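Asker: Listed here are the chains, written in short residue letters.
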Amino acid sequence: MSTPPATAAGTAGTAEPGGRYLLDRKGFLARVMLLPAVVYIVALVAVPFFLAIAYSLSDVTVGDPSFDFVGLRNFATVVGDPTFRRALLNTVLITVVAMALVVVLAKVLALVLVQDFRGKWVVRLLVLLPWTTPTSLATIAWVWLLDSLFSPIDWVLRQLGLLEGNLYWLGNEGLAMTSVIAVQTWRIVPLAAVIIMAGLSAIPSDINDAAKVDGAGFWRTLFEITIPMTLPVIAVATLFGAIVVFTDMAVVFVLTRGGPVDATQVLSSWAFFRGIQGGDLAQGAAIALFLFPVLLVFAVLILRSAKRMEVM
Amino acid sequence: MDLSDTTEVEVARRAARRRRTGARVALYGLVLAFTGMAAFPFVWATITAFKRNQDLYNRANNPFVFNLDPTLEHVDLLLSGTAFPTFARNTLLVGVLVVAITLALSLPAAYSLARLDMPWGGAMGIAIFFVYLIPPSLLFISLSRVVATLRLQDSVWALVVLYPTITVPVSVWLLMGFFKTIPREIEEQATIDGYSRFGAFARILVPLAFPGIVAVVVFAFTLSASEFIYALAFVARTSEKTISIGVPTELVRGDVFFWQSLQAATVMVAVPIALVFNLFLERFITGFTMGAVKG
Chain A
1 MSTPPATAAG TAGTAEPGGR YLLDRKGFLA RVMLLPAVVY IVALVAVPFF LAIAYSLSDV
61 TVGDPSFDFV GLRNFATVVG DPTFRRALLN TVLITVVAMA LVVVLAKVLA LVLVQDFRGK
121 WVVRLLVLLP WTTPTSLATI AWVWLLDSLF SPIDWVLRQL GLLEGNLYWL GNEGLAMTSV
181 IAVQTWRIVP LAAVIIMAGL SAIPSDINDA AKVDGAGFWR TLFEITIPMT LPVIAVATLF
241 GAIVVFTDMA VVFVLTRGGP VDATQVLSSW AFFRGIQGGD LAQGAAIALF LFPVLLVFAV
301 LILRSAKRME VM
Chain B
1 MDLSDTTEVE VARRAARRRR TGARVALYGL VLAFTGMAAF PFVWATITAF KRNQDLYNRA
61 NNPFVFNLDP TLEHVDLLLS GTAFPTFARN TLLVGVLVVA ITLALSLPAA YSLARLDMPW
121 GGAMGIAIFF VYLIPPSLLF ISLSRVVATL RLQDSVWALV VLYPTITVPV SVWLLMGFFK
181 TIPREIEEQA TIDGYSRFGA FARILVPLAF PGIVAVVVFA FTLSASEFIY ALAFVARTSE
241 KTISIGVPTE LVRGDVFFWQ SLQAATVMVA VPIALVFNLF LERFITGFTM GAVKG
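From first to last, the protein sequence lines stand for chains A and B. So in this note's numbering, spot 163 of the first sequence is number 163, and the numbers just go up one at a time. So in this note's numbering, spot 55 of the second sequence is number 55, and the numbers just go up one at a time.
Simulated from the structure, these hints should not be mistaken for lab results. Note that this is a predicted model, so its numbers are computed, not measured. Each residue gets a CB set at the ideal place from its N, CA and C atoms; glycine is no exception. Treat the hints with caution; some may be incorrect.
To be verified - Derived DEER-like restraints, expressed as beta-carbon distance ranges: (1) A:V104 / B:L93: 49 to 55 Å; (2) B:E282 / A:T221: 20 to 26 Å; (3) B:A16 / A:L301: 40 to 46 Å; (4) B:N67 / A:L301: 48 to 54 Å; (5) B:T238 / A:A46: 30 to 36 Å; (6) A:T221 / B:R18: 48 to 54 Å; (7) A:G119 / B:T238: 37 to 43 Å; (8) A:V108 / B:N67: 36 to 42 Å; (9) B:R237 / A:P228: 51 to 57 Å.
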């Protein structure tokens, strides 16, 4: 097959021997080429997904993997647990606050990054760092930045005379939650900005030119053209970011381990501590499944926004 | 009349120039603010990596300058006294294999969905998108049994097998966009030249989708390098850990943090990845737009 076989015009395709004929049939080829990916995904995503649902209705533990159906007992136990309710509340709170900040900051960052300025290459590199660095490592930099004794933020506050001693960022409930939200916002802004930039670059430049000719200034162009036209892509960027934050456990695990005293626990980390470290797979699965309805809503919203981009 | 006209024009021109200067100042102000916010933890990490203990652990010292001479001692410790090189090797191994599996599965699948016009193509594309939204945090509990059944627990191979479940759906989505931009005439010409349809895919279309493939390679590799939940849940042996899980769990002994070495590890991993991403950013943006808009 290294050189295409010469065939007389008109007889190509139909007159070929069997194997060659199969490789030309669309229906056969479409199935064969898609099959490996589908089998893989079904085996390692769909099966575990239904297994997770089955586990949540069972009494499976690491020590005793035999399956006994217990109905909704796990869900009742989980919901009755104040730590779970705290984790659920925290997950929602972190996602909502971080995304509110991300929408504004990412939109501004995207507008900045499409301009021309000196040193743009380096700026882009530095601005991307929070997103491209593996989350657990980026969070380690933050753990040190928020250290109970040696935090440089505390040092600056002390120099300014605003603080005696230390703030104990990660040892205080409110400050620990603030820190988690700050790290999530910090790492999602570049991702959302990049997605919004894709949307901005898709606005036909003649629309902007026409607006300029008609005498529209920066703010009018921003509010009457750029923002309405990029609204679907801003929605997509925010929803993607929301999914990442909503399901993340690396930030909480590295930054606070869910502490102080479970004050920053989120659904994923609580599922890990219960299901893997505590060995109660059934309860862990039940906790993680609480993520699902919200993810489903996010997915539908993304598809609807994407469709609106297409219409544009 | 004539005179006032020119002054009016002059005034307008001056106002426009002032507005432009103002916009430049605002732009550079924003650039500085964003760069500062994004890079500050890394700047702090870099300074820390080279500090001596007596300098670092003194609350009276200005933390942003070297009060004592900088030292390479802790970078040295990281590279020769810890398992960091093992983590780096494991990360590379997992990354390369995950990239290979991802391409082998997603190139044909994307072509099938983008080009072979099956009536179920659209529904399948959406199904793949939904799979992408089922996150590891939902699956890792039940997967722990699957991994145990496959006898992959405590092995990098568990990660090699599992990471493509995250990368394949995104890559199919991305590559579909690229295949759709290649004119159908090219493919038709190839079949007239005697290639089978599959031959045309392998020899003509795949090379043309090269920018998309580069995007997939960068994406799949960085995802394998950053994934946390599966690595944490399925790999507990030091010799099998990857960077993203090894560094936060192994460079801390009890309550003693090796701060300088930890920060050196962060910077040494962060900078190369960001460099590669920055090089391919435009491709990513195009890939995303095409995947989303034309998918």
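Asker: Between V104 of chain A and L93 of chain B, does the beta-carbon spacing fit 49 to 55 Å?
Answerer: 41 Å, violated
Asker: Honestly, do A16 of chain B and L301 of chain A meet the 40 to 46 Å range at C-beta?
Answerer: Since A16 of chain B and L301 of chain A have Cβ atoms about 42 Å apart, the given range 40 to 46 Å holds.
Asker: Given the range 48 to 54 Å, decide if the beta-carbon distance of T221 of chain A to R18 of chain B lies inside it.
Answerer: 19 Å, violated
Asker: Please check whether E282 of chain B and T221 of chain A have a Cβ separation lying inside 20 to 26 Å.
Answerer: 24 Å Cβ-Cβ, so the 20 to 26 Å window holds.
Asker: Against the range 36 to 42 Å, how does the distance between the Cβ atoms of V108 of chain A and N67 of chain B compare: consistent or not?
Answerer: About 37 Å separates the Cβ atoms of V108 of chain A and N67 of chain B, which means 36 to 42 Å holds.
Asker: Is 37 to 43 Å right for how far apart the beta carbons of G119 of chain A and T238 of chain B are?
Answerer: For T238 of chain B against G119 of chain A, whose Cβ atoms are near 41 Å apart, the range 37 to 43 Å holds.
Asker: Evaluate the given range 51 to 57 Å for the C-beta pair formed by R237 of chain B and P228 of chain A.
Answerer: For R237 of chain B and P228 of chain A the Cβ distance comes to about 54 Å; the hint holds.
Asker: Mind checking the hinted window 30 to 36 Å against the Cβ distance between T238 of chain B and A46 of chain A?
Answerer: 33 Å, holds
Asker: Can you tell me whether the CB distance of N67 of chain B to L301 of chain A sits inside 48 to 54 Å?
Answerer: 52 Å, holds
Of the numbered hints listed earlier, those contradicted by the structure are 1, 6.
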